[in-house]
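Enquirer: Read off the chains here:
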Amino acid sequence: MTLNRIVKEISTLSLIILLFSCTATLTYMAYKDNLRSDLRSGNYEQAFLQLNHHKKEIYSSSQDRLLYYLDRGQLEHYRKNWSESNRYLDRADHVMEELFTKSISQMAGSYLLNDKVMDYSGEVYEQIYVNVFKALNYNAIGQTEDALVEIRKVNIKLQQLEGQLAESFKQITNEKKIETRPPAPFYSDVLAHYLSAVFYLHNGQTDDARIAIEKLQQSWQTQPHIYKQAFPFFIDSLLTTGIPRMQIVCFTGTAPAKVVTGGMITTYKDYIGISDLSMPIPLPNIPFPGSEPGYHFKFELPELESIPSQIERVTIQTDLGYKKDLSLLEDMGLVAQETFKHKEALLYIKTVLRAVGKGLAAAEAKKKLKKETDADPILGAFIDAAIDVSVDATEQADLRCWDSLPQKCFAGTLAPIHGNTLSVSFLDDNGNVVDKQSILLNTDSKQKAVLEFFSLK
Amino acid sequence: MKIIVKYTSFFLIFSLATLLFSCGGPSRTVQRISDSSKTDISGRWNDTDARIAAESMIHDVLSQNWLSHFKEQEQRPPVIMISTISNQTSEHINTNVISHEMEKELLNSGQVRFVASAQERKEVRDERLDQQSYASVESAKELANEQAADFILRGTLTSVEDVFDSERVVLYKLYMELVDVESNTKVWINTKNIKKYIHQDHYRL
Numbered sequence: 001m002t003l004n005r006i007v008k009e010i011s012t013l014s015l016i017i018l019l020f021s022c023t024a025t026l027t028y029m030a031y032k033d034n035l036r037s038d039l040r041s042g043n044y045e046q047a048f049l050q051l052n053h054h055k056k057e058i059y060s061s062s063q064d065r066l067l068y069y070l071d072r073g074q075l076e077h078y079r080k081n082w083s084e085s086n087r088y089l090d091r092a093d094h095v096m097e098e099l100f101t102k103s104i105s106q107m108a109g110s111y112l113l114n115d116k117v118m119d120y121s122g123e124v125y126e127q128i129y130v131n132v133f134k135a136l137n138y139n140a141i142g143q144t145e146d147a148l149v150e151i152r153k154v155n156i157k158l159q160q161l162e163g164q165l166a167e168s169f170k171q172i173t174n175e176k177k178i179e180t181r182p183p184a185p186f187y188s189d190v191l192a193h194y195l196s197a198v199f200y201l202h203n204g205q206t207d208d209a210r211i212a213i214e215k216l217q218q219s220w221q222t223q224p225h226i227y228k229q230a231f232p233f234f235i236d237s238l239l240t241t242g243i244p245r246m247q248i249v250c251f252t253g254t255a256p257a258k259v260v261t262g263g264m265i266t267t268y269k270d271y272i273g274i275s276d277l278s279m280p281i282p283l284p285n286i287p288f289p290g291s292e293p294g295y296h297f298k299f300e301l302p303e304l305e306s307i308p309s310q311i312e313r314v315t316i317q318t319d320l321g322y323k324k325d326l327s328l329l330e331d332m333g334l335v336a337q338e339t340f341k342h343k344e345a346l347l348y349i350k351t352v353l354r355a356v357g358k359g360l361a362a363a364e365a366k367k368k369l370k371k372e373t374d375a376d377p378i379l380g381a382f383i384d385a386a387i388d389v390s391v392d393a394t395e396q397a398d399l400r401c402w403d404s405l406p407q408k409c410f411a412g413t414l415a416p417i418h419g420n421t422l423s424v425s426f427l428d429d430n431g432n433v434v435d436k437q438s439i440l441l442n443t444d445s446k447q448k449a450v451l452e453f454f455s456l457k
Numbered sequence: 001m002k003i004i005v006k007y008t009s010f011f012l013i014f015s016l017a018t019l020l021f022s023c024g025g026p027s028r029t030v031q032r033i034s035d036s037s038k039t040d041i042s043g044r045w046n047d048t049d050a051r052i053a054a055e056s057m058i059h060d061v062l063s064q065n066w067l068s069h070f071k072e073q074e075q076r077p078p079v080i081m082i083s084t085i086s087n088q089t090s091e092h093i094n095t096n097v098i099s100h101e102m103e104k105e106l107l108n109s110g111q112v113r114f115v116a117s118a119q120e121r122k123e124v125r126d127e128r129l130d131q132q133s134y135a136s137v138e139s140a141k142e143l144a145n146e147q148a149a150d151f152i153l154r155g156t157l158t159s160v161e162d163v164f165d166s167e168r169v170v171l172y173k174l175y176m177e178l179v180d181v182e183s184n185t186k187v188w189i190n191t192k193n194i195k196k197y198i199h200q201d202h203y204r205l
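So the protein lines, in turn, are chains A and B. Under the numbering used here, think of the first position of the first sequence as 1, with each following residue one higher. Under the numbering used here, think of the first position of the second sequence as 1, with each following residue one higher.
By construction, these hints were calculated from the structure, which means they are not laboratory data. One thing to keep in mind: the hints can contain errors.
Below, in silico cross-link-like pairs of lysine-lysine (DSBU-like), each with a Cα-Cα straight-line distance of 30 angstroms or less [said to hold, decoys possible]:
hint : chain 1 : residue 1 : chain 2 : residue 2
1    : B       : Lys38     : A       : Lys215
2    : A       : Lys448    : B       : Lys173
3    : A       : Lys102    : B       : Lys38
Under 7 angstroms between C-beta atoms, here's a sample of chain B residues computed to sit facing chain A [said to hold, decoys possible]:
hint : residue
4    : Ser90
5    : Asn94
6    : Glu161
7    : Val163
8    : Phe164
9    : Asp165
10   : Gln200
11   : Asp201
12   : Tyr203
13   : Arg204
For glycine and all other residues, C-beta sits at the position ideal for the given N, C-alpha and C.
Bound-form chain A, shown alone:
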């Protein structure tokens, strides 16, 4: 009776955990796919309806509130509801600041189960771009001084994140006596420096604009792994006096998505080894006092995967025949992937330690249970399978990310005398137009520091 009850309870629990986690993951992944598909087809209204429709299902837990604010804010931006977009992005910014302080109980939970039990506090690139898009919202409503406030925040954030990352790395590697490479030098954002220069110029602060351009050039030169393309020549002409110029930025594609990657852990006497890892991370043998040889465990990690975009080039054309290609200013997807790498080593160590801890505890539990229930080989195999299912179901990669962010930013300049209407063509690699947008260059648009366009195809 006791034996049957134990087996029944384990089986039920395993099934519940498995079903619940699988269903939740599938729903979230399906929602993400639909959202991205609507964004790619330019159907921002449908994407907005999706967001509202799935609000309770996808963003219901307080751990995911940041994702809701980010996606809502970004969709309002695409719908050109600038003030409403800022309302939500501002909330997101506050939540990110608040979540600098981590919950100990959630951290304990994340060491036992997975990182999804923790409040989502945003990746480095998300923390940067939230202020970039807030700045663009302020620009759209003509509040350049407020746009500059947002850009100044980016640089302060990067400084803080660098310190935070270095401290976390030092803490975890010292605690576990792990020898591995420290994080690479941190990031400096070209797009933020560019917008900073443009807003300063618009405000008549030429000296500040010059400093921003110098920082932009420095960021470009010192990060060739991120800024691989040729340096945009129009940047040099920003400070030249003479004909006033309008700045144009175009966003294309959708940001990288988080996908599952992982590997196998094999235990040895007092250390563990990693194999079958699908991403290139330096693999130290991790000392693990108390581990016994012969166990194999699976583990899962999130990895950022870029989503191909149809758009390869962006050109502008005016009614007076002025035509020009815009320059690729920032591959935001690449920025996302490169800045995520800073965290990867940390994430990897934590995941492996958790998987080993859980795996060894499960192995011990199996032994005890089989001994207590005096299980025959068939029942023993059933107990093994049930416990493995439970453990595997809890070991899930945290795939949460800001899905509505674009992938690339193109930029260029245009003199008001060049025409009265402006057409922006988004082209594929064969030169075919996949999207085209036009605006009237009236007084209102000519007075803005930056004219913004987007096509996420």
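Assemble chain B onto chain A, guided by the hints.
Expert: Same frame as chain A, now just chain B:
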């Protein structure tokens, strides 16, 4: 192996205990406090900073020589117009709070007079124009009879921020100047610095 089981049990018990602690749910209490009390919640610029900065400026501007010199020469109180205080910090700050506070205190001191700012003047001028068509002849106010300002009071609020990990130091610098409209000379300059150290905990329960 026993060590690992022990650690796992410890984590489990600890997680359950903290979960129970946090089960009380969120609660909110509201109480009235004096508007002159010093309150710091987020570490950002707040009403206390605006008040400290404005008070320091008011005290200084009224105690300097430019005021007595002007009164001696012109035999009347100076007329001032408050221009904008430009926000060059990394926070969204409504600098009108500072300028309005200064305007109020300076006017109440009885030593200076104020004219409407450029933005406010437009509204008043529209009203005066409107009166020429719709108000009675006796009550309609005259055109081209405005009081001109002798001085413009303007300023900038800047901040220098240094952050590392959980620590942040912010220096706010309010710079204000009084410019003679006729001669373009600056008759008064003052700065007020407010420095803050902000520490945010890494962990909470």
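Enquirer: All hints, please: hold or fail.
Expert: Against the structure, the hints come out as follows:
no.: 1; hint: B/Lys38 - A/Lys215; in the structure: violated (39 angstroms)
no.: 2; hint: A/Lys448 - B/Lys173; in the structure: holds (29 angstroms)
no.: 3; hint: A/Lys102 - B/Lys38; in the structure: holds (28 angstroms)
no.: 4; hint: Ser90; in the structure: holds (4 angstroms)
no.: 5; hint: Asn94; in the structure: violated (11 angstroms)
no.: 6; hint: Glu161; in the structure: holds (5 angstroms)
no.: 7; hint: Val163; in the structure: holds (4 angstroms)
no.: 8; hint: Phe164; in the structure: holds (4 angstroms)
no.: 9; hint: Asp165; in the structure: holds (4 angstroms)
no.: 10; hint: Gln200; in the structure: holds (5 angstroms)
no.: 11; hint: Asp201; in the structure: holds (5 angstroms)
no.: 12; hint: Tyr203; in the structure: holds (5 angstroms)
no.: 13; hint: Arg204; in the structure: holds (5 angstroms)
Violation of the numbered hints given earlier is confined to hints 1, 5; the remaining hints are satisfied by the structure.
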